[in-house]
Amino acid sequence: MGNFIEFQNVTFRYEVEGEETPETLRDFSISFQKGDFVAVLGHNGCGKSTLAKLCNAIELPQRGRILVNGLDTADEENVLTIRQQVGMVFQNPDNQIVATIVEDDVAFGPENLGVLPAEIRQRVDDALKSVGMYDFRFFEPHKLSGGQKQRVAIAGIIAMQPECIILDEPTAMLDPQGRKDVMKTVKMLNRDFGITVIFITHYMDEAVQANRVVVMNEGKILLDGTPKDVFTQTKLLEDAGLEVPQATQLAALLRADGYDVPKDILDMDELYDAVTALVPHP
Amino acid sequence: MESIILETRHLTHTYAGGTSSAVTAIDDISAAFYSGEIVGIIGHTGSGKSTFIEHLNGLLKGSNGVVLLEGKDIWANKKEIRKVRFKVGVCFQYPEYQLFEETVEKDIGFGPKNMGLSEEEIARRVRTVLGYVGLNDSYLSKSPFDLSGGEKRRVAIAGIMAMEPQVLVLDEPSAGLDPRGRTKILDLVRTYQKQTGCTVLLVSHSMEDVAGLASRIFVMNKAKLAYFDTVAVVFSHAKALETMGLDIPQITKLFERLKENGYDVDTGIYSVDAAHKELLRLLEGGARR
Numbered sequence: 007m008g009n010f011i012e013f014q015n016v017t018f019r020y021e022v023e024g025e026e027t028p029e030t031l032r033d034f035s036i037s038f039q040k041g042d043f044v045a046v047l048g049h050n051g052c053g054k055s056t057l058a059k060l061c062n063a064i065e066l067p068q069r070g071r072i073l074v075n076g077l078d079t080a081d082e083e084n085v086l087t088i089r090q091q092v093g094m095v096f097q098n099p100d101n102q103i104v105a106t107i108v109e110d111d112v113a114f115g116p117e118n119l120g121v122l123p124a125e126i127r128q129r130v131d132d133a134l135k136s137v138g139m140y141d142f143r144f145f146e147p148h149k150l151s152g153g154q155k156q157r158v159a160i161a162g163i164i165a166m167q168p169e170c171i172i173l174d175e176p177t178a179m180l181d182p183q184g185r186k187d188v189m190k191t192v193k194m195l196n197r198d199f200g201i202t203v204i205f206i207t208h209y210m211d212e213a214v215q216a217n218r219v220v221v222m223n224e225g226k227i228l229l230d231g232t233p234k235d236v237f238t239q240t241k242l243l244e245d246a247g248l249e250v251p252q253a254t255q256l257a258a259l260l261r262a263d264g265y266d267v268p269k270d271i272l273d274m275d276e277l278y279d280a281v282t283a284l285v286p287h288p
Numbered sequence: 534m535e536s537i538i539l540e541t542r543h544l545t546h547t548y549a550g551g552t553s554s555a556v557t558a559i560d561d562i563s564a565a566f567y568s569g570e571i572v573g574i575i576g577h578t579g580s581g582k583s584t585f586i587e588h589l590n591g592l593l594k595g596s597n598g599v600v601l602l603e604g605k606d607i608w609a610n611k612k613e614i615r616k617v618r619f620k621v622g623v624c625f626q627y628p629e630y631q632l633f634e635e636t637v638e639k640d641i642g643f644g645p646k647n648m649g650l651s652e653e654e655i656a657r658r659v660r661t662v663l664g665y666v667g668l669n670d671s672y673l674s675k676s677p678f679d680l681s682g683g684e685k686r687r688v689a690i691a692g693i694m695a696m697e698p699q700v701l702v703l704d705e706p707s708a709g710l711d712p713r714g715r716t717k718i719l720d721l722v723r724t725y726q727k728q729t730g731c732t733v734l735l736v737s738h739s740m741e742d743v744a745g746l747a748s749r750i751f752v753m754n755k756a757k758l759a760y761f762d763t764v765a766v767v768f769s770h771a772k773a774l775e776t777m778g779l780d781i782p783q784i785t786k787l788f789e790r791l792k793e794n795g796y797d798v799d800t801g802i803y804s805v806d807a808a809h810k811e812l813l814r815l816l817e818g819g820a821r822r
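Chains as they are written, first to last, in the working numbering: chain Z, 7 to 288; chain U, 534 to 822.
Source of the hints: derived by calculation from the structure; they are not laboratory data.
Among the hints, erroneous ones may be present.
Not close to chain Z: a few residues of chain U, all C-beta gaps over 10 Å, as computed [to be verified]:
no., residue
1, N610
2, F625
3, D670
4, L673
Cβ-Cβ distance ranges computed for the label pairs, FRET-style [as the list claims (entries may be wrong)]:
no., chain 1, residue 1, chain 2, residue 2, range
5, U, H543, Z, K40, 58 to 66 Å
6, U, E793, Z, D78, 35 to 43 Å
7, Z, D230, U, E635, 37 to 45 Å
8, U, D806, Z, Q68, 40 to 48 Å
9, U, I537, Z, H287, 47 to 55 Å
10, Z, E21, U, N794, 57 to 65 Å
11, Z, T240, U, S681, 19 to 27 Å
12, U, K772, Z, D131, 33 to 41 Å
13, U, N597, Z, A105, 33 to 41 Å
14, Z, I227, U, A765, 52 to 60 Å
15, U, H543, Z, K149, 20 to 28 Å
16, U, A765, Z, H287, 39 to 47 Å
17, U, K757, Z, E21, 50 to 58 Å
18, Z, I227, U, W608, 36 to 44 Å
Taking lysine-lysine and the DSS-like style, the derived pairs with C-alpha atoms no more than 27 Å apart in a straight line are [to be verified]:
no., chain 1, residue 1, chain 2, residue 2
19, U, K786, Z, K234
20, U, K786, Z, K149
21, U, K755, Z, K135
22, Z, K190, U, K620
Beta carbons are placed, not taken as given, at the ideal position from N, Cα and C, and that holds for glycine.
Here chain Z stands alone, though its shape is the one from the complex:
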C-alpha cells in the first residue's frame, strides 16, 4: 500500500506579529500508509495537533512540503480535494455541530461539496447507520450525550466519503461508555471501510488498539512502531511525560522480581494469562 500522507522535511512555526515564535515542528518527516490505524501520543504542546492541522491545509509549513494522496497542501487548487479526502474530528463535540437536527448536521459536509440531493440522502443514512446513530436522525444534537455527539460528528465526516479521518483527542470529554463507543466506531471504519485513521490521544489504553504508535516530543518523533515496540520503552516514554499502560508497568515490576512474565504485555487480559500461567489453578 502506498503513502497516503507524506511530510517531507517540514518546518513549521505559528506566526505571531512582532514576535519570535519557536518552531513547533523542525525538519519533520513522516508518512502514513493507506488503510493504516495510527495513534499519535505526546505531552501537551509537543506538536500533535499541529501535525493534524497540517494534514488538511488548515496550516501550511514554512519549509518542506506535505503531500496528501500526491497533492501538495500548499497549492490552493488542491485544498478542496484534500479537505474532502481528509476529515477532522476535534475534542469538543459542541464546537463542531452546526445544525439543529442530527441528519441536517451530517448533510452539511456533502452539501458544501455540491453533492446531489438524492445522493446526500443516501450518504447521510449510510453514515448515521455506520456509527450506530440512525435511530437518532431526527433528534436535536444538544439532547445527545457527549459520545453520541462525537459519533454524529464522525458521521458528518464519513458522509463526505473521505480516505482518511484525523481525530484530535476525540474522547477527552467523554464518559467511559462514550469513549468505548467512539473507539469501536473508529476501529470499524478502519477495518470494514479501509479508512486511514490518525488518532491523537492521551489515553494509553486507546493507543494500544492501533496498528502503529507514533510518539512525538518537542516537535520530533521520539518513537515509531507497533504498540508492543513502543510501550516497552518505559524510560523514554516516562521522560517524555507519558505513561505506559498499567498492565505493562505491572509486567515490568514482576519481571524485576524474577518472574517469567513477557515484557510486551499491553493489557489486563494478557497480564491475566501471564499470571495464571504461573499459578496452579485453584
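Starting from the known structure of chain Z, arrange chain U on it as the hints suggest.
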C-alpha cells in the same frame, strides 16, 4: 464521625417545570458531605452531575428540597447567597477559558477582591495558593495567556482556592491534560486538601483518578443518586456501574477476574503499587489463605 459541612435533602430540579417538555435533571437527592473528606462524583454524560453541583453554591435553586451549609439553608436569606459562593467554590470544566485579567496576580486576586478583603490579605492569599498549585512568584506578573494549557488550568483553580472556600468543587479538573499534567493536578488537589483541611468534591470521568484520590464515591444515574459509599463498596458493583455507562478501574478488573475464576485475591485494588503487592502474594503461593 466528622461533622457534616454540606448537605442536600430531597433536592430536586425540574427544568421547564409545568410545561410538556419538563425534564427532571436531579431527582430527590439526599446526601451529606463531611468536613475534610474528598468525594469523587461520577455519572454518565447527562446524569445530572453538573446540575447537582450548581445547586451547592446557589447558582441554581432546587424546585424542591434544600441545601444546608453548616446546617443552614443557603436560601434562607436571599441576600446572603453571595457569601455562600465564597464558602463553596465551584471550578467548572475548562476553567482556563475564564481567565481574563492582565496578570496572573490580578486574576487569582479577583475573587478575594470581590470579597472586599484588604490589599495585604489579597496579596497573602494569592501567594499562598500559587504555592498550592505548584507555581512560584515569578508567575505573578505574567499574562495568564502566555502560559501553557496545564499552567492556565492551575491558575484558574488557584483563583477559586484564593477565596479559601470550605468546600472546593472541581468539575473534571484533569480533562484534556496529558498524563504528566493530570498527575500534577491530582497531586495538588491532595496536597491542598491536606494543608487546608477543607472538603473537596471531584467530578470526573476517570475511574482511576477517583479511585486514587477519593475516600467516598457519589454515583449519579439518570438524575438519581445511585450509590454514595466508600470506594471499595461502590466499585464492588461492577456490573451495575457498567449498565450506567460507567466502569471500574482497569486494574481492579484484573482482580475481579482472578477472583471469579477461583483465585483467592483481594479485589479492592486501585493502584499499580497495591496490584504489584497482591500479585506477588498470589505468585508466592500465599494466595490460598
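- prompt: Does the Cβ-Cβ separation between E21 (chain Z) and N794 (chain U) fall within 57 to 65 Å?
  reply: holds (59 Å)
task: Report holds if the minimum CB distance from N610 (chain U) to chain Z is greater than 10 Å, and violated otherwise.
output: Consistent with the label, N610 (chain U) stays out of reach of chain Z, its closest Cβ about 35 Å off (over 10 Å).
- prompt: That 58 to 66 Å hint for H543 (chain U) and K40 (chain Z) (C-beta), does it hold up?
  reply: holds (59 Å)
- prompt: Quick one: are E793 (chain U) and D78 (chain Z) within 35 to 43 Å, going by C-beta?
  reply: violated (56 Å)
- prompt: If you check the beta carbons of D230 (chain Z) and E635 (chain U), does the distance land in 37 to 45 Å?
  reply: Given range 37 to 45 Å: holds, Cβ gap about 43 Å.
message: With the threshold set at 27 Å, check whether the alpha-carbon distance from K786 (chain U) to K149 (chain Z) stays at or below it.
response: This hinted pair is violated, its Cα atoms lying about 32 Å apart.
field: Given hint K234 (chain Z) paired with K786 (chain U) - CA-CA distance at most 27 Å
entry: Holds: K786 (chain U) and K234 (chain Z) sit about 22 Å apart, inside 27 Å.
message: Tell me if the beta carbons of K757 (chain U) and E21 (chain Z) are separated by a distance inside 50 to 58 Å.
response: holds (52 Å)
query: Between D806 (chain U) and Q68 (chain Z), does the C-beta distance stay in 40 to 48 Å?
result: Hint holds: Cβ distance 47 Å, inside 40 to 48 Å.
query: Once the closest CB in chain Z is found, is it more than 10 Å from D670 (chain U)?
result: The claim stands: D670 (chain U) keeps its Cβ more than 10 Å from every Cβ of chain Z (closest is about 23 Å).
query: Does L673 (chain U) sit more than 10 Å from chain Z, CB to CB?
result: Its Cβ never comes within 10 Å of chain Z, the nearest being 22 Å, so this holds.
field: Cβ separation of K772 (chain U) and D131 (chain Z), checked against the hinted range 33 to 41 Å
entry: At 35 Å between Cβs, range holds.
Hints 6, 14, 16, 18, 20, 22 from the earlier list are contradicted by this structure; the remaining hints agree with it.
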